[in-house]
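There are 2 protein chains.
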Amino acid sequence: MSRDEDVQPIALADGRSRAVIENIQPAVDGGRFAVKRVVGDEVVIEADCFADGHDMVACRLQWRRAGEPAWRSAAMQPLVNDRWRASFVVDSLGSWEYTVCAWVDPFQSWQHDFARRVDADDLRVAAVTGAALIEQAAQRAARHADAELLRAWSRELAQAAGDAALSTEALARIGSDSPRAAVANRYPDLRHAFTHPQVFPLTVERERARFSAWYEFFPRSASPDATRHGSFADCEAWLPYVKRMGFDVLYFPPIHPIGRARRKGRNNTLNAQPDDLGSPWAVGAAQGGHDAILGELGTLADFRRLVQRAAELDIDIALDIAFQCAPDHPWVAEHPQWFRKRSDGSIQYAENPPKKYQDIYPFDFESDDWRAMWEALAGVFEHWVAQGVRVFRVDNPHTKAYAFWEWVIVRVRALQPEVVFLSEAFTRPRVMHRLAKLGFSQSYTYFTWRNTKRELTTYFTELAQGPGREYFRPNAWPNTPDILPAALQYGGRPVFMARVTMAATLCANYGIYGPAYELLENRALRAGGEEYLDSEKFERRVWDRAREDSLAEFIAVLNRARRANPALQSDAGLRFLAIDNEQLLAYTKTSADGGNTVVCIVNLDPHHTQSGWVEIDLATFGMQPGQAYQLHDLISDAHYLWQDARNYVSLDPQRTPVHVMELRTRMKREHDFDYFL
Amino acid sequence: MSRDEDVQPIALADGRSRAVIENIQPAVDGGRFAVKRVVGDEVVIEADCFADGHDMVACRLQWRRAGEPAWRSAAMQPLVNDRWRASFVVDSLGSWEYTVCAWVDPFQSWQHDFARRVDADDLRVAAVTGAALIEQAAQRAARHADAELLRAWSRELAQAAGDAALSTEALARIGSDSPRAAVANRYPDLRHAFTHPQVFPLTVERERARFSAWYEFFPRSASPDATRHGSFADCEAWLPYVKRMGFDVLYFPPIHPIGRARRKGRNNTLNAQPDDLGSPWAVGAAQGGHDAILGELGTLADFRRLVQRAAELDIDIALDIAFQCAPDHPWVAEHPQWFRKRSDGSIQYAENPPKKYQDIYPFDFESDDWRAMWEALAGVFEHWVAQGVRVFRVDNPHTKAYAFWEWVIVRVRALQPEVVFLSEAFTRPRVMHRLAKLGFSQSYTYFTWRNTKRELTTYFTELAQGPGREYFRPNAWPNTPDILPAALQYGGRPVFMARVTMAATLCANYGIYGPAYELLENRALRAGGEEYLDSEKFERRVWDRAREDSLAEFIAVLNRARRANPALQSDAGLRFLAIDNEQLLAYTKTSADGGNTVVCIVNLDPHHTQSGWVEIDLATFGMQPGQAYQLHDLISDAHYLWQDARNYVSLDPQRTPVHVMELRTRMKREHDFDYFL
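Protein chains in written order, with the working numbering: chain A, 8 to 684; chain B, 8 to 684.
If you are wondering where the hints come from, they were derived from the structure by calculation, not from laboratory data.
Don't be surprised by glycine CBs; every beta carbon is placed ideally from N, CA and C.
Careful: at least some of the hints might be erroneous.
What the hints assert, rightly or not - Residues of chain B placed beyond 10 Å of chain A at every Cβ, according to the derived structure:
| id | residue |
| --- | --- |
| 1 | Ala82 |
| 2 | Thr234 |
| 3 | Tyr248 |
| 4 | Arg437 |
| 5 | Asn572 |
Unchecked claim - The calculated label-pair distances, taken between Cβ atoms and stated as ranges, are:
| id | chain 1 | residue 1 | chain 2 | residue 2 | range |
| --- | --- | --- | --- | --- | --- |
| 6 | A | Glu538 | B | Ala139 | 53 to 63 Å |
| 7 | A | Asp170 | B | Asp232 | 43 to 53 Å |
| 8 | B | Asp600 | A | Arg500 | 52 to 62 Å |
| 9 | A | Pro474 | B | Glu560 | 45 to 55 Å |
| 10 | A | Asp21 | B | Asp600 | 52 to 62 Å |
Said to hold, decoys possible - A short list of chain B residues far from chain A (calculated; beta carbon distances all over 12 Å):
| id | residue |
| --- | --- |
| 11 | Asp62 |
| 12 | Asp126 |
| 13 | Asp128 |
| 14 | Val135 |
| 15 | Gly253 |
| 16 | Asn274 |
| 17 | Arg378 |
| 18 | Met380 |
| 19 | His405 |
| 20 | Trp412 |
| 21 | Gly535 |
| 22 | Arg548 |
| 23 | Val549 |
| 24 | Ala585 |
| 25 | Ala635 |
| 26 | Leu648 |
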């Protein structure tokens, strides 16, 4: 029987190894993929560790940076039902790994039994056993002083066991010497220890992977002069504006030469005029491909200077990596084997029959020359990393082979562990999760189309509490250049305020496509569609940032609230609140240490004032029934005094459709109340 | 970076393999342990299978008996959200295994696109591509006739593509030839197929592993003559009684010579008298150990005859394997190295300080001679298997090394795959589950101490729906020789009826310790304890089976109901019903095919009539609001007509505290109603 053969050698090899380990958490697909954390995080690991019988089990968490020869370790502490826990802090970027080791501990078992013995003869017999175990610990002791201490204790206990004149109580005291037992427990007998064979990977990124605010912007529109194409120099002039709004990632659509062949005209028309700029996602022309820069934007030196200027403001310039080629991309001629051929010998353009996208050639990931193609694509990331780029938004990663992403992300991070990858995959759930597992730092979400209270509650509960919480970091966008959702087309300013508030507070990572967003752009190309009219994808736009109705200051307030409140800097700690109005959404976010809580209320109805009674679970925040507590609205700067679990809220969309309120449960001084009573 | 090195070779090797497979279910601990089924079961397997992009993915389930060189396979069918499903039937006992294989299918992708093309030129170009794909399928075709058919289709399609006179519609028809496409799909292009590397184990047992009724009985008490020790010949005379009650496993406590040294007296006293029989669990004496038979019971030939007689009635004789030794067990002298030594050189008896069990020596699973010890213990099972035993109840398996059980169960099953193992571990949840994962067919449960509606509902919902459902088969016992629960001590006959009914209907496997149970034995050794007074563990008892108040006939009715209703033969399909009385427990069990449903109502209060309104979810059983349906009480033979979701029930504990009713939703003839209207 083959199972017999399968199992016997394993079991026989470990015959005397009695401890077992199950259900190590966190783990993504049993350790196939990495759990994600950021530098400085405390990584809490739990496992079920137990053995047969009644002997005492001990276990330790083992961890190291990947590649280190030795494990670091910490004793795990028992919870209930054979569950154990320990943690470690990840203090540097890159790949880490952990596992758990467990064993039946003879010395601890002896301690446990010795303390319970009452019969004098038994105690003497047990004391001799204990003396031998302590002597063994002395032999394992790494520090000379510990060895000496243990040898002395062992001798003392053995002599006491043989001293018939010594009282049972005195003997028991000598054997139950907690300080010396603690020393002995530093040197456990690991001969039969079992180390879990699965090593669990952990990716540690910089904090921006977990907490970031993105501003998407077309450099072509950066020029203040309506007649001139924007340049990187123009973009520099926008940096203070972006900084004032509080964004820390400034993301550009592709900056490469744009294909001439089959170029699209304004509003996605097929008959481009000579002066039409085309879509930046039609990457490549005679001037170059994915490592070149569109001439109108400037030179590589200009780009590097922009990246440097942004860095001085703690802003990352994010590039858009769209792995596809315009027909005149140099690679099409140089490496025709990287593309599929049609039966007529022409190169297969992108299509989804009957739709055709003849200006785009997708790569063929089943190409026989895939190794060289992977190298070339990895080279694109490496080229831009060399220019100082640390954040990449990847266009449609779900149309490229998964194995490639797993390989290339590891490779780029080995070069530069600060790199953050955002997966732009608006597709099926399993596919989006797979990309996150493969290593993307952040992922676009369905938030863009989640509008009702039920939709939002279900979706964000799943994101915060589902298995994806260990690897899928949502990045919520209320709009993108491809998506002007119906709600924004018809809801007016209140919807723009509500949607960006939800993105910024439900998600630690969020972004907007501006200035279309803060300038309330809501004109669609076609009714029923989601394409912008006069989209910047196909033409330059001139934006009047000084408009009075701009949401720039509102967004700046939101981003300040995010920076001031740790609760808003992580996706954990989200909890929806009961509120008796289907048009009102209420939720709290609480920081990991419990020290900071933000209460958000959103009026989902852009047309009418909505009011209701919101229920706060007092016990969650350590409050008593009847207790009063303060809420400080970070948008309006108003202060509210609430009492007990149910409190009244009312939101007029024509003023501000949201509350974003810091919860203060403990008043520092009595007169803190005076301020608003 | 070591992660880099870890991942690159894997990814590179599979560069063009674009399909991925996740979350194959069922799986126990990611495939570390076997899923359990019985012969004849349809094993349904699901997995997430998908690829990048928009190409069509196909996948197949692969399975085989362990050790077979080739996989059998079946195409998986898509459900929703990239979930796929297929099944196979296990038609023989033993170890099986399965995995999933997925691939991007070029021919199906072509079919999908071809059917959507409208442009005539595109259609011609695509037809040429299709002809080439069909020709490739022809080359892979195993059957000559299929190859011929595909070659003809390929030629036809290629010619049609080149025929400018042919209409677009005609060309589309030739390419969209479903019958011939089905043939092509039998020979997919698997060059880039991905087979999940984990092979998932599956243990197939006989039906009795899933559905059994156990009767525990002390052979020492089998004699009808109060002055004589019972023998196997006496046990033969009990077989018709056991058969009439409907049990199919007759389980004996250990049948071996009983230790003389430190033998326990009646009622677990320390001063045994010369004529005291001792505890059967004190295994071994001068006459022999685990492979010997206590002289008073008879010879090996007597035992074999009893096993044979029982088999003729389709009753399994189950032996109790208690791996521990009395001090005079031959192994203690022959293999002292299999036991722990105390520091005074004596052998360590069982203890849990300050408690001592000096009549029992446990084995030391950390013995340096563990290999020989494992062989000897395996030999015990093998010896009794050679005598025809096919069911073992294992005493306290949780005090022996887990690795030993995994090894020995595989070994015994390789010898005789019919063997069923019951784990007698009343201990912590993780430990009980581990033993089940290691291969035990059935497991004792906490049912013995679950009394209230909430306790019973929570526990049995977890057993039926939790992850354990794939490997943990509960076996519910209302009593054992070690446990006379408080409820039975004080509740009288109604509790005996209610508890055995719940065991027999909540669990497909259940057992009682008789005749103590059917004869309502409720005298405890000490108030507040669970030990029987005058326990058969330490003395013979004489039972008057003819007593008028015996529950034997009630139990016979219960077991007939179990045999007649497939719903009661599996632990799946359990659903608790709302009923507005805390003393009434209501639940349904439904067979896998939905064709059989049993409704059970239990009055948990032994003192008062309880009544309430029970709610049936009509939709679950395919019924309409307002519909009438029949319930046939299998205990009382009464028929009830219920209508709509809420119906009234009332149970008088002094009559029968339970309803066990077959639900009949579809009346065969109109006049089926007449009978009880």
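Each hint tested on the structure:
1. Ala82: Given a closest Cβ separation of 20 Å, the condition holds.
2. Thr234: Label holds. Min Cβ-Cβ 40 Å, cutoff 10 Å.
3. Tyr248: holds, 38 Å
4. Arg437: violated, 4 Å
5. Asn572: At about 34 Å from chain A, B:Asn572 clears the 10 Å cut-off, so the statement holds.
6. A:Glu538 to B:Ala139: 53 to 63 Å: violated, 37 Å
7. A:Asp170 to B:Asp232: 43 to 53 Å: Given range 43 to 53 Å: violated, Cβ gap about 59 Å.
8. B:Asp600 to A:Arg500: 52 to 62 Å: holds, 59 Å
9. A:Pro474 to B:Glu560: 45 to 55 Å: Holds, at about 52 Å.
10. A:Asp21 to B:Asp600: 52 to 62 Å: The hinted range 52 to 62 Å is violated for A:Asp21 and B:Asp600, with Cβ atoms some 43 Å apart.
11. Asp62: For B:Asp62, whose nearest Cβ neighbour in chain A is about 9 Å away, the distance does not exceed 12 Å, so it is violated.
12. Asp126: Violated, because the least Cβ-Cβ distance between B:Asp126 and chain A comes to about 7 Å, which does not exceed 12 Å.
13. Asp128: violated, 9 Å
14. Val135: Non-interface label on B:Val135 violated, nearest chain A Cβ at 4 Å vs cutoff 12 Å.
15. Gly253: holds, 35 Å
16. Asn274: Non-interface label on B:Asn274 holds, nearest chain A Cβ at 23 Å vs cutoff 12 Å.
17. Arg378: violated, 7 Å
18. Met380: The assertion about B:Met380 is violated, with a minimum of 9 Å to chain A.
19. His405: violated, 6 Å
20. Trp412: violated, 9 Å
21. Gly535: holds, 22 Å
22. Arg548: Check passes; 32 Å lies beyond 12 Å.
23. Val549: B:Val549 clear of chain A: closest Cβ-Cβ about 37 Å, beyond 12 Å.
24. Ala585: Answer for B:Ala585: holds, closest chain A Cβ roughly 23 Å.
25. Ala635: Non-interface label on B:Ala635 holds, nearest chain A Cβ at 37 Å vs cutoff 12 Å.
26. Leu648: With a cut-off of 12 Å, B:Leu648 remains clear of chain A, as the shortest Cβ separation is near 40 Å.
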